[in-house]
Amino acid sequence: MRLSLNSRLSTISALLPALLVMLVVYIGATSWTVWMSLTNSRMLPNNNFVGLRQYELLLGNDRWITSVHNIVIYGVLFVSLALLVGFLLAVAIDQRVRAEDTIRSIYLYPYSMSFVVTGLVWQWLLNPTLGIQHVLRSWGFEGATFDWIVRPETAIYCLVIAGVWQASGLVMAIMLAGLRGVDEEIWKAARVDGLPKWRVYVSIIIPMMGASFATAAVLLSTAVVRLYDLSVAMTNGGPGIASEVPAKFVMDHLFERANIGLATAAATTMLITVIAVVAPYLYWRARKGEVR
Amino acid sequence: MQKSNVDIRSLQIGFGGLKVLENLNLHVETSEFLVLLGPSGCGKSTLLNAIAGLIEVRGGEIQIGGRDVTWAEPKDRGIAMVFQSYALYPRMSVRRNMSFGLTVAGTPRDEIERRVGEAAQMLRLTSLLDRRPSELSGGQRQRVAIGRALVRHAGVYLFDEPLSNLDAQLRAELRVEIKRLHARLGATMIYVTHDQIEALTLADRIAVMQGGVIQQLDTPKKIYREPVNRFVASFVGSPAMNFIPGRLARGSEIAFIAGVNRVSLNGYAFRSQPTDAPAVLGIRPEHIELTAANDPSSVSARIEMVEPMGADTLIWCRLADGTAFSFRHDADAQVRVGDTLTVCFPADALSLFDETSGQRL
Ligand SMILES: Nc1ncnc2c1ncn2[C@@H]1O[C@H](COP(=O)(O)OP(=O)(O)OP(=O)(O)O)[C@@H](O)[C@H]1O
Ligand SMILES: [Mg+2]
Chain A
14 MRLSLNSRLS TISALLPALL VMLVVYIGAT SWTVWMSLTN SRMLPNNNFV
64 GLRQYELLLG NDRWITSVHN IVIYGVLFVS LALLVGFLLA VAIDQRVRAE
114 DTIRSIYLYP YSMSFVVTGL VWQWLLNPTL GIQHVLRSWG FEGATFDWIV
164 RPETAIYCLV IAGVWQASGL VMAIMLAGLR GVDEEIWKAA RVDGLPKWRV
214 YVSIIIPMMG ASFATAAVLL STAVVRLYDL SVAMTNGGPG IASEVPAKFV
264 MDHLFERANI GLATAAATTM LITVIAVVAP YLYWRARKGE VR
Chain B
148 MQKSNVDIRS LQIGFGGLKV LENLNLHVET SEFLVLLGPS GCGKSTLLNA
198 IAGLIEVRGG EIQIGGRDVT WAEPKDRGIA MVFQSYALYP RMSVRRNMSF
248 GLTVAGTPRD EIERRVGEAA QMLRLTSLLD RRPSELSGGQ RQRVAIGRAL
298 VRHAGVYLFD EPLSNLDAQL RAELRVEIKR LHARLGATMI YVTHDQIEAL
348 TLADRIAVMQ GGVIQQLDTP KKIYREPVNR FVASFVGSPA MNFIPGRLAR
398 GSEIAFIAGV NRVSLNGYAF RSQPTDAPAV LGIRPEHIEL TAANDPSSVS
448 ARIEMVEPMG ADTLIWCRLA DGTAFSFRHD ADAQVRVGDT LTVCFPADAL
498 SLFDETSGQR L
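Listed in order, the protein sequences are those of chains A and B.
If you use this note's numbering, the first sequence corresponds to residues 14 to 305, in order.
If you use this note's numbering, the second sequence corresponds to residues 148 to 508, in order.
Quick caveat, the hints were computed from the structure, so don't treat them as lab data.
Hints are supplied without guarantee of correctness; some may be wrong.
[As the list claims (entries may be wrong)] Chain B is faced by these chain A residues, among others (derived, beta-carbon under 8 Å):
1) L192
2) G194
3) E198
4) I199
5) K201
6) A202
7) R204
8) V205
9) G207
10) R212
11) I217
12) M221
13) D242
14) E269
[Unchecked claim] Derived EDC-like pairs: lysine to aspartate or glutamate, alpha-carbon spacing no greater than 20 Å straight-line:
15) K210(A) to E198(A)
16) K368(B) to D223(B)
17) K210(A) to E179(B)
18) K326(B) to E308(B)
19) K368(B) to E433(B)
20) K210(A) to E220(B)
21) K222(B) to D154(B)
22) K222(B) to E198(A)
23) K326(B) to D351(B)
24) K222(B) to E203(B)
25) K369(B) to D351(B)
26) K166(B) to D223(B)
27) K210(A) to E451(B)
28) K368(B) to D351(B)
29) K222(B) to E197(A)
30) K210(A) to D107(A)
31) K301(A) to D223(B)
32) K369(B) to E220(B)
Quick reminder that beta carbons are idealized off the backbone N, C-alpha and C, glycines included.
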């Protein structure tokens, strides 16, 4: 297609602001971050090149190692559980229940809350002396124990619970749209074929919903990388450093600990990891697009 | 599975306050090919879904093969069904689409393979067995859907407008294929369509429906030649039947009077004793014949339009009193717009309807 010079100019001028933001904010800020990670900047940025020294320090840093460990646990559990719970909620609603609209809104409520509120609510619920454990004991279940949030080896799972609680509603909405898109006659054909309902979901409907699952998974994954406020509000990284996460590591070193070099090295490591995960996916998507 | 007959007694179906079928009775013989024909929204799919067990009935009884299945699950009714939108399982290969139901039902593997192979061969799908539905053309998809029904070895096959998503040529091809299949299997088939050509070519008997009521249940020939009312007469046949308003007159012989024209009804099989009353004469375009001007029963008309249709020509005329009608003539007819010609309406090819009730006289 050939565009006249005029319309080409207007296209460019329309795209220019977005292009500038893109260049300055994303590329500029990213390059600056990468450069800082190669210097020995502390509280104020400087340009003293020290090579990969900050990365060596990072790999030797207990708190960073714990953070990475935690984010892997959190990422895997959060994404898979949110997908599972969200899908099951959608299936439940898809059974033509009464008051569907109300239930759907209730499921979506948590998503409209900020992570900070979610974190505080769940911190309170999981607190052994105030929350669920306390209630159960006051009902007479003397042996009831639910103290995950104060035990270092389980604290991260509390973040998973709160995260899943918050994100499931969104996943449900995406999945419900997918389920509603399934041709009514496929259900009829399956009934004539004598397939049990669960079998239809597992063997026919879920394979058809690849796009819904991919969309939900991408949204959830970005939430994993950004995980920060939940950790701050619920556990503040504790007990000790047991529930630290990479984004919190970056923020703390950037502002509280005045270690720009180490913080940017951590941020750069996160970026590279994300690119390493996303690039093959994008490549695969592009290839698939070509084949079609 | 045994071939079965289908017996429907005083069936009632509704959705909320809407009554779709009321007190409907229908008997389908074993090995019969029955077509449900009717305009959109008349309840054809509703009836078919009720036979399949896919919707709940409010009253009445459905028997398949002599067994009361009114409340049975679809899979236990000995039926198989083909849908308008194909309804194939999109992420499964053709082979798995056909075999999945049997696999889940626990049919032995070699039996499944035999049935799938047989159906694939019958429907010329053998080379496509490993493809996905998205890699098939519309006609191939519908053949797969038919194949999925065939492997169930059902006693009754139900088709809900299986060809209406296909283009005209494919439709004609598959129509022949379905007819061949019926001849070969000898299975009972109930076929929903709103395409009268499909109905006339495929059916042993046609049930013409309107507003949830079966208007006429008869062989295609009977439906075409002797429609029981004006609805059936106008719905079946293309180009459509002509209707000429007038009245009956008994004199020395019974005749139909339309303005200055007089059509002799000598030879028309009246259903009851005719009276002098307003009536509507129906005649199909191909039954009108050209005749000499001195024929006492002839009618003269002016040509308004000529439509060549390949094999023959459709000639649109207008009578002196303003009534328009069309008739079919050889393609090589020498006719010009504006000419006047004389035609006659043979009494044995006519249909006469009561003017108010629309019932056949
Ligand atoms: N699930 C439903 N809920 C409410 N009304 C329905 C439902 N299904 C069908 N109807 C109504 O029942 C009537 C008959 O519908 P049906 O689908 O049987 O028509 P049809 O003869 O198959 O028409 P078509 O040729 O368009 O498929 C229609 O008036 C339709 O609006
Ligand atoms: Mg229909």
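Quick rundown of the hints versus the structure:
A distance limit of 8 Å between C-beta atoms decides the matter here; for L192(A) the minimum to chain B is near 14 Å, and the interface restraint is violated. Because the smallest distance between the Cβ of G194(A) and any Cβ of chain B comes to about 12 Å, over 8 Å, the interface hint for this residue is violated. Because the smallest distance between the Cβ of E198(A) and any Cβ of chain B comes to about 4 Å, under 8 Å, the interface hint for this residue holds. Using the Cβ-Cβ criterion of 8 Å, the hint placing I199(A) at the interface with chain B is satisfied: the shortest such distance is roughly 5 Å.
Using the Cβ-Cβ criterion of 8 Å, the hint placing K201(A) at the interface with chain B is satisfied: the shortest such distance is roughly 5 Å. About 4 Å separates the beta-carbon of A202(A) from the nearest beta-carbon of chain B, less than 8 Å, and the hint is met. The criterion of a C-beta within 8 Å of any C-beta in chain B is met by R204(A), whose closest approach is roughly 5 Å, and the hint holds. This hint holds: V205(A) has a C-beta 5 Å from the nearest C-beta of chain B, less than the 8 Å allowed.
For G207(A), the interface hint holds, the least distance from its beta-carbon to any beta-carbon of chain B being 3 Å, beneath 8 Å. Interface restraint check for R212(A): the shortest CB-CB distance to chain B comes to about 6 Å, inside 8 Å, so the restraint holds. Here the hint on I217(A) is kept, as its CB sits about 5 Å from the closest CB of chain B, short of 8 Å. Here the hint on M221(A) is kept, as its CB sits about 6 Å from the closest CB of chain B, short of 8 Å.
For D242(A), the suggested interface contact is broken, since its CB lies about 39 Å from the closest CB of chain B, more than 8 Å. Against a cut-off of 8 Å between C-beta atoms, the interface hint on E269(A) is violated, since the closest Cβ of chain B lies about 51 Å away. A hinted pair counts as satisfied when its Cα atoms are at most 20 Å apart, and K210(A) with E198(A) qualifies at roughly 14 Å. Of the pairs offered as hints, the one joining K368(B) and D223(B) is violated, with about 35 Å between alpha carbons and a cut-off of 20 Å exceeded.
This hinted pair does not check out: K210(A) and E179(B) have alpha carbons roughly 33 Å apart, beyond 20 Å. Restraint check for K326(B) and E308(B): the C-alpha separation of about 15 Å stays at or below 20 Å, so the hint holds. For the given pair, K368(B) sits about 15 Å from E433(B) by alpha-carbon distance, which is consistent with the 20 Å threshold. Pair hint K210(A) plus E220(B) holds up; C-alpha atoms about 13 Å apart against a cutoff of 20 Å.
As the CA atoms of K222(B) and D154(B) are separated by approximately 18 Å, the hinted pair is consistent with the 20 Å bound. Between K222(B) and E198(A) the CA atoms are separated by roughly 15 Å; this keeps the pair inside 20 Å, and the hint holds. Taken as a hint, the K326(B) and D351(B) pair is honoured in the structure, with Cα atoms around 11 Å apart against an allowance of 20 Å. Between K222(B) and E203(B) the alpha-carbon distance is near 15 Å, which keeps this suggested pair within the 20 Å criterion.
Among the hinted pairs, K369(B) with D351(B) is consistent with the structure: their alpha-carbon atoms are about 11 Å apart, no more than 20 Å. Taken as a hint, the K166(B) and D223(B) pair is broken in the structure, with Cα atoms around 27 Å apart against an allowance of 20 Å. A threshold of 20 Å between alpha carbons decides the hint, and for K210(A) with E451(B) the separation of about 62 Å lies outside it, so the pair is violated. Restraint check for K368(B) and D351(B): the C-alpha separation of about 10 Å stays at or below 20 Å, so the hint holds.
With a CA separation close to 17 Å, the supplied pair K222(B) and E197(A) stays within the 20 Å bound. A threshold of 20 Å between alpha carbons decides the hint, and for K210(A) with D107(A) the separation of about 12 Å falls inside it, so the pair holds. The hinted pair formed by K301(A) and D223(B) fails the criterion: a straight-line CA distance of about 42 Å is larger than 20 Å. For the given pair, K369(B) sits about 36 Å from E220(B) by alpha-carbon distance, which is inconsistent with the 20 Å threshold.
Violated hints, listed in ascending order, are 1, 2, 13, 14, 16, 17, 26, 27, 31 and 32; each of the other numbered hints is respected by the structure.
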